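There are 2 protein chains.
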Amino acid sequence: MNNNTYCIIMAGGFGSRFWPICKDDSPKQFIDILGTGQSMLQTTFERFACICPRENIIIVTNRGYVDRVREQIDGLLPYQVLGEPTRRNTAPCVAYAASVIYEMNPNANVIVTPSDHAIFGMENFIHDMEQALQATERHDCILTIGVRPTNPNVKYGYIQFSEEPVDARATNLHKVITFTEKPPVVMARQFIATGEFFWNAGIFVWRLSTLRKAYEAFLPNIAKSYFALTSSTPQADVDNVYALSESISVDFGIMEHAENVYVMEASFGWSDVESWDSLYGIARHDEHNNGVVMGKSLLYDVKNSIVHVPSNRTVVLQGLDGYIVAANEDTILVCRRDNEDCIVKYISDVELMNSRGEKPRQ
Amino acid sequence: MNNNTYCIIMAGGFGSRFWPICKDDSPKQFIDILGTGQSMLQTTFERFACICPRENIIIVTNRGYVDRVREQIDGLLPYQVLGEPTRRNTAPCVAYAASVIYEMNPNANVIVTPSDHAIFGMENFIHDMEQALQATERHDCILTIGVRPTNPNVKYGYIQFSEEPVDARATNLHKVITFTEKPPVVMARQFIATGEFFWNAGIFVWRLSTLRKAYEAFLPNIAKSYFALTSSTPQADVDNVYALSESISVDFGIMEHAENVYVMEASFGWSDVESWDSLYGIARHDEHNNGVVMGKSLLYDVKNSIVHVPSNRTVVLQGLDGYIVAANEDTILVCRRDNEDCIVKYISDVELMNSRGEKPRQ
Numbered sequence: 001m002n003n004n005t006y007c008i009i010m011a012g013g014f015g016s017r018f019w020p021i022c023k024d025d026s027p028k029q030f031i032d033i034l035g036t037g038q039s040m041l042q043t044t045f046e047r048f049a050c051i052c053p054r055e056n057i058i059i060v061t062n063r064g065y066v067d068r069v070r071e072q073i074d075g076l077l078p079y080q081v082l083g084e085p086t087r088r089n090t091a092p093c094v095a096y097a098a099s100v101i102y103e104m105n106p107n108a109n110v111i112v113t114p115s116d117h118a119i120f121g122m123e124n125f126i127h128d129m130e131q132a133l134q135a136t137e138r139h140d141c142i143l144t145i146g147v148r149p150t151n152p153n154v155k156y157g158y159i160q161f162s163e164e165p166v167d168a169r170a171t172n173l174h175k176v177i178t179f180t181e182k183p184p185v186v187m188a189r190q191f192i193a194t195g196e197f198f199w200n201a202g203i204f205v206w207r208l209s210t211l212r213k214a215y216e217a218f219l220p221n222i223a224k225s226y227f228a229l230t231s232s233t234p235q236a237d238v239d240n241v242y243a244l245s246e247s248i249s250v251d252f253g254i255m256e257h258a259e260n261v262y263v264m265e266a267s268f269g270w271s272d273v274e275s276w277d278s279l280y281g282i283a284r285h286d287e288h289n290n291g292v293v294m295g296k297s298l299l300y301d302v303k304n305s306i307v308h309v310p311s312n313r314t315v316v317l318q319g320l321d322g323y324i325v326a327a328n329e330d331t332i333l334v335c336r337r338d339n340e341d342c343i344v345k346y347i348s349d350v351e352l353m354n355s356r357g358e359k360p361r362q
Numbered sequence: 363m364n365n366n367t368y369c370i371i372m373a374g375g376f377g378s379r380f381w382p383i384c385k386d387d388s389p390k391q392f393i394d395i396l397g398t399g400q401s402m403l404q405t406t407f408e409r410f411a412c413i414c415p416r417e418n419i420i421i422v423t424n425r426g427y428v429d430r431v432r433e434q435i436d437g438l439l440p441y442q443v444l445g446e447p448t449r450r451n452t453a454p455c456v457a458y459a460a461s462v463i464y465e466m467n468p469n470a471n472v473i474v475t476p477s478d479h480a481i482f483g484m485e486n487f488i489h490d491m492e493q494a495l496q497a498t499e500r501h502d503c504i505l506t507i508g509v510r511p512t513n514p515n516v517k518y519g520y521i522q523f524s525e526e527p528v529d530a531r532a533t534n535l536h537k538v539i540t541f542t543e544k545p546p547v548v549m550a551r552q553f554i555a556t557g558e559f560f561w562n563a564g565i566f567v568w569r570l571s572t573l574r575k576a577y578e579a580f581l582p583n584i585a586k587s588y589f590a591l592t593s594s595t596p597q598a599d600v601d602n603v604y605a606l607s608e609s610i611s612v613d614f615g616i617m618e619h620a621e622n623v624y625v626m627e628a629s630f631g632w633s634d635v636e637s638w639d640s641l642y643g644i645a646r647h648d649e650h651n652n653g654v655v656m657g658k659s660l661l662y663d664v665k666n667s668i669v670h671v672p673s674n675r676t677v678v679l680q681g682l683d684g685y686i687v688a689a690n691e692d693t694i695l696v697c698r699r700d701n702e703d704c705i706v707k708y709i710s711d712v713e714l715m716n717s718r719g720e721k722p723r724q
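Here the protein sequences come in this chain order: A and B.
For the first sequence, the tail end lands on 362 under our numbering, and the numbers increase by one without skipping.
For the second sequence, the tail end lands on 724 under our numbering, and the numbers increase by one without skipping.
Not one of these hints is a red herring.
Short derived list, chain A residues pointing at chain B, Cβ under 8 Å:
hint : residue
1    : 296
2    : 325
3    : 327
4    : 330
5    : 342
6    : 346
Derived by calculation from the structure, the hints in this document are not laboratory data.
Predicted, not measured: the structure shown is a model, and the values here were computed from it.
Note that CB positions come from ideal geometry on N, CA and C, so glycine has one too.
So that you can see chain A by itself, here it is in the shape it has in the complex (with noise of 0.2 Å):
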């Protein structure tokens, strides 16, 4: 373990996706989603506690949520968790913690991370990471961590690199061509057909040196005010900061303007969980194509439907084929897979429905 290795976990995400299990007030991250008895997180937590020392994890997060995590995971120091007043997305969020980062350590070299993705195979995971951080070492590049596509999803940003290594000594290592974020479905399968595209993992690896490079180069605005804060900056001050700041993701901002932007396909398993859909695709499955997630089920004449209650809830389901059964301590949910795009209206319905004690035409 390498005391110069540092990781920045982007956890401000909010989003209801998941309702009822997730809410406004405790979005996925915090959430257990895939019943492994540990928010996602905390889970993300752990797994970086294997590739650097513990203090070296700077969380950053929405204000509202700082107790969130600092209740989820015990003994983090002061400077260990940023708490953001307003959403300005990733670019911003990245390089306030950079700034915390560069206090301590100049030379850092950095893994930037979502908080709410699941990772499969966890020695390959350690694996990637340590060649990602030995390639940032020799290069002063930006490395993202591809993954090979299985399906044309159009809910990811797909990277297309160039075919020829960079580097002998990672073979898997190569240059990035062009960025294309949620494509059509016709593009998305053309992408796969040429074998040259990955899916963007959303996890960046840099050395400190190159990243405020880069910041300066494209996003000069952000790196002139967001580099200036520190750990013990006043909260007024960083407010200030981020009142007149862009919002802009890493992505956009730096990505696709850089020269320097590596991919290393991943040997390990990855998925976003954006969606029943996808955490279906990703549960255990039973000899009927059930994936129960979370509770105790009994299951009969029931196929291809997702459960995820309370750990403590006992769920006994009968003749259903196909559907989301979800509940919180307050919400049941059962609805149909192929609906659940329907769920950002049922929320909204749900809202109106206790706010003004009516219900929506349906």
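Based on the hints, put chain B in the right spot on chain A.
Structure of chain B alone, referenced to chain A:
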């Protein structure tokens, strides 16, 4: 209101047809099955408190439920709740309560009622009960309440009556010819076709003197042992009486033998609410024939279904036709309405799963 009027509420029932809403430790009479905000026992008690003084109402229940009864109904005096040490069917239960009433008022006129039936039309109910009480004042008879059948329900008892009214002052009062418990459907259809049969609503009215004579004639052993009990009999002596007692219903033990059994046709609506199906039948339906009895619900493309979840719980359902969706604090059931008879199997499977930690074959 006549101070001679007493009421015996039989609240010892257990049973699991409404699982998971009802369980052995909280059977139907203690639950708000109808979504009224009151348990069925509370509703029954308040209903009879309009007919006789509150302190004239005796509730007989299993000893394990005595505290539950006192929690649900405020201000009950010690003699008003009798705890049976074991189940001996209705004849012992009624004899015990009748003996306690006899202590207080040998001239009592007594209504015996289940605690877990639904009554619709309170004014008619009060009117019918008053008429029944007047009839038993005039006649030395056992008066049962009959309900005009609407379908050949095979789970009910049927009462064949003589067309001729007994009494010019109550033209809805008839002599009973036969009792038939749970007939086959073909027979039930014939019964209905003749127009000479009522459903047995399980409510009896009789003077205490009539009741005691009937027990002494047809159930002399029960009369001898139970009529010796008083409200201050030590628990151990009550236990002895129950331990040595036969187990028999008032219907089989007395009604089927006695000559002076009359039936009065109810002018109120009635259901014994003995199944999800019967609850569905009496629930208020929306325009898609859904009965949401309890819970805050949003239904999308849902038809012919019944929903009963805790009142503070939200339930969102989509794409269901003909289902039961029921939950208590720790269990959720989703099952086809036409599969209700399997619920008893589900219950034993859940018990097996929870006790042995293994799932039964499904």
